[in-house]
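> Sequence:
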Amino acid sequence: MPRSTENSLCRDSGCSHLCSLTSRAELIFTVSLVEQHLRELSRAWSLSNKVPIFLAAILESLTCRLLEISGNEAQHIRTQRCITPELLDLAVYSNMELSDMFQFITISQVAPAHH
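My numbering numbers the first residue of the sequence shown as 1 and each following residue consecutively.
None of the hints are false.
Quick list of the computed label-pair ranges, beta carbon to beta carbon: (1) Asn49 / Gly71: 32 to 42 Å; (2) Ile107 / Val51: 19 to 29 Å; (3) Ser23 / Leu62: 14 to 24 Å; (4) Glu68 / Arg24: 23 to 33 Å; (5) Asn72 / Arg39: 35 to 45 Å; (6) Met96 / Ser46: 33 to 43 Å; (7) Asn49 / Gln80: 35 to 45 Å; (8) Arg81 / Gln36: 30 to 40 Å; (9) Asn72 / Glu40: 33 to 43 Å; (10) Thr79 / Ser20: 39 to 49 Å; (11) His76 / Lys50: 35 to 45 Å; (12) Gln80 / Gln36: 31 to 41 Å; (13) Arg39 / Glu97: 24 to 34 Å.
Below, computed lysine to aspartate or glutamate pairings styled on DMTMM-like, alpha-carbon distance capped at 20 Å: (14) Lys50 / Glu60; (15) Lys50 / Glu26; (16) Lys50 / Glu40.
Just so you know, these hints were derived from the structure itself, not from any lab. Predicted model only: the values in this text are computed from it and were never measured. C-beta: ideal position from N, C-alpha, C; glycine also.
Using the sequences and the hints, build the whole thing.
See below:
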């Protein structure tokens with residue numbers, strides 16, 4: 001079993017129970033799943049046990065930011081009631097930092113646009 005997926009005892013309101021790394025780090029993205037994908041992709045068996053935690057936090061933060069900007073675009077347009085791939089694309093390329101980060105990424109179901 002990889003080190004970072006080990007459970008430990010948590011003390012929550014006087015009751016001891018097993019607590020995952022994901023809940024200890026107060027994340028939504030599952031640390032063990034991120035670690036599994038990391039190991040499959042990189043074949044690196046000597047990862048620090050903190051790498052999956054930090055990567056899960058970064059992915060969660062990026063996802064939150066993308067959804068926030070896309071939601072703002074949807075409210076601004078007012079014809080959309082939900083976030084579509086087109087709005088996600090618009091949000092990414094209207095933000096300079098995200099645009100630089102995603103310059104080589106193709107968002108599925110969106111026609112290529114000249115940005």
